[in-house]
Structures are given as structure tokens and as C-alpha cells.
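**Student:** In case you want the letters, here they are:
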Amino acid sequence: MFQLRDKKLADEIVSSIQKLDVKLKFMHVCGTHQDTLVKNGLDVLFRKCGVEVGQGPGCPVCVTNPREIEEMLLLAQKGKIAATFGDMMKVPGEKYSLQSMRAEGHDVRTVYSIEDAVNLADKNKDTEVVFMAVGFETTTPTTAAVLLKKVPSNFSILSCHRIIPPALKAILDMGEIKIDGFIEPGHVSTIIGLNPYEFISKEYHVPQVIAGFEPIDLLMAVWMLVKQIQHGKAEVENEYTRVVAKEGNVKAQQAINDVFELIDVKWRGFPVISKSGLKLRKKYEEFDARKKFQDNLKELKDKEFKEPIGCRCGEVLRGLISSKDCPLFGKKCKPNTPVGPCMVSIEGSCNIEYRYFNK
Amino acid sequence: MCLAIPGKIIKIDSKKEYATIDYGSGTKRKVNVSLIDAKIGNYVLVHAGFAIQVIDEKEANETLNLFREMLSFEEER
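Protein sequences, first through last, are from chains A and B.
Using the working numbering, the first residue of the first sequence is number 981, and each one after it goes up by one.
Using the working numbering, the first residue of the second sequence is number 840, and each one after it goes up by one.
Just so you know, the hints here were simulated from the structure itself, not pulled from any lab data.
Please note that a few of the clues may not be correct.
As the list claims (entries may be wrong) - Derived lysine to any residue pairs resembling SDA-like cross-links, with alpha carbons at most 25 Å apart:
id : chain 1 : residue 1 : chain 2 : residue 2
1  : A       : K1231     : B       : G888
2  : A       : K1129     : B       : G888
3  : A       : K1129     : B       : Y857
4  : A       : K1103     : A       : K1271
5  : A       : K1207     : B       : A899
6  : A       : K1231     : B       : K847
7  : A       : K1226     : B       : F912
8  : A       : K1231     : B       : K878
9  : A       : K1028     : B       : L910
10 : B       : K855      : A       : Q1233
11 : A       : K1213     : B       : R907
12 : B       : K878      : A       : E1227
13 : A       : K988      : B       : L905
14 : A       : K1231     : B       : Y862
15 : B       : K869      : A       : Y1092
16 : A       : K1003     : B       : S911
17 : B       : K867      : A       : L984
Model, not experiment: these values are computed from the prediction.
Put together the whole structure using the sequences plus the hints.
**Tutor:** As C-alpha cells, this is what we get:
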């Protein structure tokens, strides 16, 4: 359904980029983009055209910080039903992952949708159900929509939701790498539209193109970025017009704003990023697991959390190294025995690289 | 995680909260449509059990032509 394929056009796009003889570095922030890139060999193709395209902090599971992981593990240990998306199960905490917690006999469930977690709460009235709410703007409205309805009183969420634009700003402010352009995530943009990206182009003069997930979408996005640079422009362009409206999904934005407020939060591999996280508003605090179970979580309050020894996910997420530059990649760190989250999540660049090249 | 799959709405409940989505080749699923204004026959993108946007079918069918035009416009400059 809606597969866009045209080899002749693809060849034309590539030769048009090649002709310009550029040397550029673009960043995208989406695991699904990385999957399309690697699966179709586009990363290699772009490199031949002088364009390096790498993944930044675009994997919600990967950027969830170690404290948030420990909070969820502790709540599972304290007898709650811990409901989570499957991608989170194997992310290693200090001693446990949610999966190993389940093996120890605690009640950890994987769900496909937050609605499955609400149903769990309906069916288990005597037990508290905590849903680990992970995800960017694509996923956040689903959490908001559920909380806007009546949910059972034994249901709560551990909000780990984050928004993308402040992370782009953080990458540029840190100045560790030169970024010539951003490929923006199509499905995040489906919700937020074009406006939230504008300040990046205006203040930092960095071109941006919102892209879809077919191979031809990414070819076209890179071409559009190269063209902007050729013409000295820095704008937000939309390649994914069949899905992304300029104003985004206003209904979904409204739901997010009704339920959540922005807070400063640490992303894995990053310092605290100002106003990049989402916390439930006071009106919804009875569903905020951090508030509801603050006594349970007290023991984590002043603890410091370290990254796993040898893990270089932080540098991968900041776009400084590629997965294969990490000495643990494919050796100590594999999808079945992950050291860091980038090898766990199907959105993580290490997992994607391993999946297509190290089977 | 931001993966979203296109499907066609074949039925909507009276409260317009849930719809049955046909993903093609016989796969059907109940999906929450409260985040969009949905009509039967619309193609939508589904993420984690929720439709997050209606796909502009006309725009989708025109996308490749649009790309071709953009390319030839640039080449002629």
C-alpha cells in the first residue's frame, strides 16, 4: 500500500546529486529512516556521492535515561504489573532488565498499544498497572488520548516521553560535529507539522527536509537538502506531503497540550536538555506513577547512574561514531546479549547494522 | 517506534472512536481513530493502535510525478 518505486527516477536523483561533487554530512533522527537507509544500501550509495547520512538521537528507547529504566524496574520489583512496549524489555539496567525481572517472577507484560495496558488494569482491579510511556511526538498523543478518557484508578504511567526539536538544538549547541542538514522524521512531523523546526533553520542556518520512509523519499530528501545548500538556502521543506500537513495534526497537538507540560530532562548520552521532556499536568497527577509511588521510588532519589562499562551508545546517539566504531559491536554486544540500548531496540542503529550485516 | 502502517477504514463505530482498518491481504484490526477526523474509505496511518493521520490519496498518487517535475525544473535552471 502506497509503495513508491521507480528505478529510473531513483537513478536520475542519484546522478543529479553526484554531478554536484559535494562533501556533506546530514543527520536524521529516526530509527525507521535508518532501517530504510541500511536495508536498501542507501547509506553506502550516498557516501559514494559525498554525502554522509547518520542517525542522531532518533530512537526513543535508546535515549530513555538509566534513571527511568531503574524506576520501571523498581516498580516491577515492588509488585506492580509493569507494562511496556516490547522494545524496552531487554534494555539493561544496572543489574536487571525488564526481561530478567520477569524471569525472576515479577509481572512484566509487553503491550502493542497503551490501550492494551489499560485493559490489563481493567482485568486486574486489585493490582496497580504501570505503563512505561516511551516515545516521541508520534506516540505521545496516544498516551494523551487514553488519559483524556476515563481510565481505571489502578492505572498509571511512567512518562518517558520526549520531543524532537530541542534535541536538534542540543546537537547544534554542543558543536561536536558539523551538521550540514537535518532529515526530519516523517511521523513525528505528521503530528507537529513544520513550524516547530523553523527556529533551527532561522537561528542556525541549517536546512531541513521532512521525509517519508520509502527509499525514494530518502533519495529525494537528500537531493532537496543538497539543492538548498547549492542555492545558499536554509529552510524547512516537506518531502512527505502525502502525509504531513503544514500545521500537523492539530487534534493530536491539542491532546498532548491538555495532558502534558514540558520539563527539562536528561537524554542518554546527552546532558539535560531544556524543555525536551513531558510530564503529566497537575490535573492528571493521580495517573503519574512518579507521584503515586513516590515512596516506592524514594530509594533512587539521590542515586547516580552510570552507562554500562565500555558502552558507546552516547557517542552513537550524538552522531560522533557509527555502530561499527564501538569495540563491543558484534562481539560482546549483540541483539541477544546487548550491552547498550542501541543494540536492543529495532530503532537503534547498532541493532539495525547488526540485523542487516552480521546475521 | 515511530513506525506507522497505512490501512483503509472500512467501518467506524457510532461514537467515532474506533474503526476497523483493512491493511490489505485480509489483515483487519480495530484501531482508535479519536485523534483524527475519519471517514469510511479514508486511508490512514496507524501507529501503536491509533490512527495518527489521514493519507492524502491524491497527493500520494502524484508524489512521483511531483518529484520528476522538481528534478527536471532544477536540471533546466
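**Student:** Look at each hint and say if it fits the structure.
**Tutor:** Hint-by-hint comparison with the structure:
1. A:K1231 with B:G888: Holds, at about 17 Å.
2. A:K1129 with B:G888: Given that 25 Å is the threshold and the Cα spacing comes to 16 Å, the pair holds.
3. A:K1129 with B:Y857: 13 Å, holds
4. A:K1103 with A:K1271: 23 Å, holds
5. A:K1207 with B:A899: 23 Å, holds
6. A:K1231 with B:K847: At roughly 20 Å apart (the allowed maximum being 25 Å), K847 of chain B and K1231 of chain A satisfy the hint.
7. A:K1226 with B:F912: Cα-Cα ~23 Å, so holds.
8. A:K1231 with B:K878: 16 Å, holds
9. A:K1028 with B:L910: Measuring from Cα to Cα gives roughly 20 Å; hence the hint holds.
10. B:K855 with A:Q1233: Between K855 of chain B and Q1233 of chain A the Cα gap is close to 19 Å, so the pair holds against 25 Å.
11. A:K1213 with B:R907: 21 Å, holds
12. B:K878 with A:E1227: 20 Å, holds
13. A:K988 with B:L905: With Cα atoms ~15 Å apart, K988 of chain A and L905 of chain B stay inside 25 Å; holds.
14. A:K1231 with B:Y862: 24 Å, holds
15. B:K869 with A:Y1092: Holds, because 13 Å separates the two Cα atoms, which is no more than 25 Å.
16. A:K1003 with B:S911: 23 Å, holds
17. B:K867 with A:L984: 23 Å, holds
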